[in-house]
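Dock chain D against chain X, hints included.
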Amino acid sequence: ELKVEQNPLFLSMQEGKNYTIYCNYSTTSDRLYWYRQDPGKSLESLFVLLSNGAVKQEGRLMASLDTKARLSTLHITAAVHDLSATYFCAVNQGGSEKLVFGKGTKLTVNP
Amino acid sequence: DAGVTQSPTHLIKTRGQQVTLRCSPKSGHDTVSWYQQALGQGPQFIFQYYEEEERQRGNFPDRFSGHQFPNYSSELNVNALLLGDSALYLCASSLFRQIEAFFGQGTRLTVV
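Just so you know, the protein sequences line up as chains X and D, in that order.
Take 1 as the starting number for the first sequence in this note's numbering and just add one per residue.
Take 112 as the starting number for the second sequence in this note's numbering and just add one per residue.
To be clear, the hints were calculated from the coordinates, so they are not data collected in a lab.
These numbers come from a predicted model, not from an experiment.
Backbone N, C-alpha and C fix where the C-beta goes; we use that ideal spot for every residue, glycine too.
Hints may be right or wrong, so weigh each one.
Stated by the list, open to error - Lysine-lysine pairs mimicking DSSO-like chemistry, simulated, CA-CA at most 30 Å apart: (1) D/K137 with X/K17; (2) D/K124 with X/K56; (3) D/K124 with X/K68; (4) X/K17 with X/K41; (5) X/K41 with D/K137; (6) X/K103 with X/K56; (7) D/K137 with X/K56; (8) X/K103 with X/K3; (9) X/K56 with X/K17; (10) X/K103 with X/K68; (11) X/K103 with X/K41; (12) X/K41 with X/K56; (13) X/K56 with X/K3; (14) X/K106 with X/K17; (15) X/K41 with X/K3; (16) D/K137 with X/K103; (17) X/K106 with X/K56; (18) X/K3 with X/K106.
Stated by the list, open to error - Stretch by stretch, here's where chain D covers chain X in the computed footprint (C-beta under 8 Å, at least three residues): (19) 61-69; (20) 96-110.
Extracted from the complex, chain X is given alone in its bound form (with noise of 0.2 Å):
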């Protein structure tokens, strides 16, 4: 059974520091998708990392994948304060539509 954990569970940073978050997950998979929740609202897509060594960014976020590692980051450069939320990393069963997500990692970036 595919089991995905996220670490660190909580994070409080201060603004224009950088840290990263880790995804592992069990078993092979096909692709790897990263989300930011705000509390009480729905999933917004921030990445999603289909082969080995991909890398995406968008602003301060920048995600990875090492497909051999089974392992996902998400590294935050210089936070800023509308960067707290939870972020989740999900990932599919190979084969398979359904997703299996991390328990989440609530950020929360302090002036």
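Chain D in isolation, oriented as in the chain X frame:
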């Protein structure tokens, strides 16, 4: 172009009752997936509908059932509600077997 719309946005039900949640997919999409997100947790896959049939199912009891209509909209039905069914229910729409899925704003169900 309207995105994925869900109704209602909030709902309070009593234990033992039945509930129906609705989802209209993004224009042009033909596949609807439902997820349950308990407080403080990641979403969990309930099932997926395509061509009016349930294509895949997660680890949820038979109390959870669904339907997809010819216009691709979908309903999620939950019978014999339990307190533990309280959650945010998310609908995601996509084109069948395509990568990108878009989530609706969710229905917050509270069972008392």
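Exercise. Taking each numbered hint in turn, which are not upheld by the structure, reported in ascending numerical order?
Worked result: 1, 2, 3, 19
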